[in-house]
Amino acid sequence: MPSVSLVCDGFIGQARALSRGLGFAGLPAARIVGHVDAQSAEEITHNLKSVTVDEVIHHLTMAPTPVGDAAEEAPADGIAARGTFDEVNRVFQERQWSDGLPIVPPTAEKVAAFLACIDDDPDRVIGVLQPSGSCATPRNVAINGVMANCRPEYMPVLVAIAEALADPGYGVEHSGDTTGGEALIILNGPVVGTLGFNCEGGALRDGYQANTSVGRFLRLYLRNVARFLPGGADKATFGNTWRVVLAENEAACEALGWPPLSADLGFEAGDSVVTISRFTSGGVVGSIFGGSAEAILPYLADGLVRQVSWELGFTVGFAPGTYRPLLVLSPLVANTLAKSGLSKRAVQEALFGQARLPAHKMEAYIGAWSNLVPGRQTLRQLVEAGQAEPHFAESDDPERLVPIVARPEDILLVVSGDPLRSNAYAFASNGMHGFPTSKRIRLMPK
Amino acid sequence: MDANDRTQGIDDGALVALWPGGANGVAAIDPARRPDTLDGKRIGFLWDYVFRGEEIFPVLQEAIDGAFEDVRFVGYDAFGSVFGGDEHAVLSRLPARLKELEVDAVITGIGC
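Chains as they are written, first to last, in my numbering: chain A, 1 to 446; chain B, 1 to 112.
By construction, these hints were calculated from the structure, which means they are not laboratory data.
Among the clues, some could well be false.
[What the hints assert, rightly or not] Here are the simulated SDA-like pairs of lysine to any residue, each with C-alpha atoms no more than 25 Å apart in a straight line: (1) A/K49 - B/L15; (2) A/K235 - B/F83; (3) A/K235 - B/D104; (4) A/K49 - B/K99; (5) A/K235 - B/R72; (6) A/K235 - B/D65; (7) B/K41 - A/K361; (8) A/K49 - B/A67; (9) A/K361 - B/R52; (10) B/K41 - A/T65; (11) A/K49 - B/D65; (12) B/K41 - A/K235; (13) A/K49 - B/S92; (14) B/K41 - A/V53; (15) B/K41 - A/E55; (16) B/K99 - A/T61; (17) B/K41 - A/A38; (18) B/K99 - A/G353; (19) B/K41 - A/F24; (20) A/K49 - B/D86.
[Unchecked claim] So, partial list: chain B residues that the calculated Cβ filter (under 7 Å) puts toward chain A: (21) P20; (22) A27; (23) A28; (24) Y49; (25) V71; (26) F73.
[As the list claims (entries may be wrong)] What follows is a set of in silico ranges between Cβ atoms, one per label pair, in the way DEER data are often shown: (27) A/A41 - B/G66: 30 to 36 Å; (28) B/A96 - A/G201: 40 to 46 Å; (29) B/R33 - A/G353: 54 to 60 Å; (30) A/R407 - B/A78: 29 to 35 Å; (31) A/T65 - B/P58: 19 to 25 Å; (32) B/S92 - A/R90: 27 to 33 Å; (33) A/R400 - B/P58: 45 to 51 Å; (34) A/S343 - B/A27: 47 to 53 Å.
We put the CB at the ideal spot given by N, CA and C, even for glycine.
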């Protein structure tokens with residue numbers, strides 16, 4: 001069917017990058033001058049009438065011409081570059097296959113060593129990743145894993161990450177959104193210990209090969225297979241560097257009698273599981289003081305509230321019930337909660353009750369200040385429209401306190417970090433645009 | 001260089017690096033044939049319910065309505081939001097919905 005897409009000036013490049021991945025050589029786009037959020041009603045009307053209307057009519061009545069970026073085709077021999085370490089790296093930088101740091105040249109020998117660590121067809125199509133429309137396979141997982149300085153034995157973890165990216169529930173196609181959230185890999189199970197992942201001091205710091213290189217792999221894979229490149233499909237206004245893997249301290253969980261995150265998400269305790277989710281921001285809840293749950297829960301709840309603003313559109317509004325913040329507790333802090341008799345579920349319930357903000361503030365974040373809810377609907381209107389849970393409209397008092405998530409279990413809890421420090425770390429979630437997605441890691445039988 | 005050297009990633013002493021991308025997994029789609037005019041056509045609006053579509057689509061409708069004879073429009077509410085929590089369901093229903101509403105062409109937005 002003839003169609004034309006209305007695209008703001010700053011997104012024409014993204015539209016072209018997306019076009020090929022959707023199967024179109026030239027998906028017609030009509031320009032909207034500038035960015036609509038920064039224009040008066042009069043300016044928008046003027047720009048539409050002077051530019052956009054003519055382009056809409058043109059694209060609906062004239063045959064499209066190919067305008068999208070040419071799809072990058074694999075070389076017939078599968079070889080990208082030959083030369084010294086420096087020469088290979090120069091080519092990979094020029095072709096935008098690197099993140100700016102040196103890559104380990106992915107030679108056939110190194111790739112074969114990675115593939116030998118999985119019981120899988122190297123060319124199995126794991127899935128098709130947008131925006132490129134390219135196939136994810138164990139072979140290109142291995143190539144990017146080599147480049148990231150992973151070790152061959154990490155390969156089952158890398159394949160599980162690619163499987164999570166390819167899961168439609170994750171929403172990989174949104175990975176280039178303008179707010180620039182970055183994926184975090186959370187690791188559970190015996191592989192944390194057997195592969196040497198750090199889950200203690202500096203848990204979110206680079207410096208451990210497993211945590212660092214696997215985190216780097218994910219960003220390289222998004223660049224090279226999904227093809228999120230700045231100026232094209234990656235529209236991050238700021239973005240941030242890729243995150244190292246967060247490994248859960250399951251020994252600490254066991255000592256507390258708490259299930260690990262993977263069990264909260266439906267897996268058997270003892271399974272090795274990778275979970276990926278995109279988070280928009282994060283911050284430390286520092287120097288937590290108190291010897292009981294009652295004493296420390298208000299500060300932890302405040303830490304969750306301080307991270308969130310426009311993302312509340314994933315709690316109510318355009319993607320209700322998909323906001324999944326993450327609170328990482330040091331073993332010491334988790335122990336303070338557990339020794340007060342709180343199960344993990346009870347902690348989630350308590351945080352649901354205390355991590356709240358005034359209703360008028362939430363309405364401002366999703367309506368007046370961000371324009372993510374057309375018509376600036378109130379929470380009551382959103383409840384009546386089925387876009388918010390009933391507890392968001394228990395009264396019409398604008399000062400009433402409302403939760404930041406739809407359900408207690410939406411708050412993800414992980415135990416990690418220095419076992420003897422009294423700190424926590426709160427992450428704001430990117431909702432359905434990188435929804436928490438878990439895959440079991442299939443290890444080779446010994 | 002012999003075959004074994006190639007598999008070892010060695011080519012006359014140089015490194016041989018493999019291509020890190022993925023093969024295309026999407027079939028090409030030919031563009032739909034365009035009408036010569038929008039006279040008598042029914043145009044559907046598809047909206048992601050963000051970025052001021054409620055202001056933009058009426059301006060486009062008024063301008064197109066003034067430029068062509070007997071052109072009709074189907075508003076975005078007839079389809080639902082193509083962005084957000086319902087996007088997968090809305091898009092899966094879309095082909096049947098467009099046919100049901102006898103839509104001839106679509107204007108979709110807002111890419112921003």
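Hints not upheld, ascending by number:
Of the numbered hints given earlier, those the structure breaks are 1, 3, 4, 5, 6, 7, 12, 13, 17, 18, 20, 25, 26, 27, 28, 31, 32, 33, listed in rising order.
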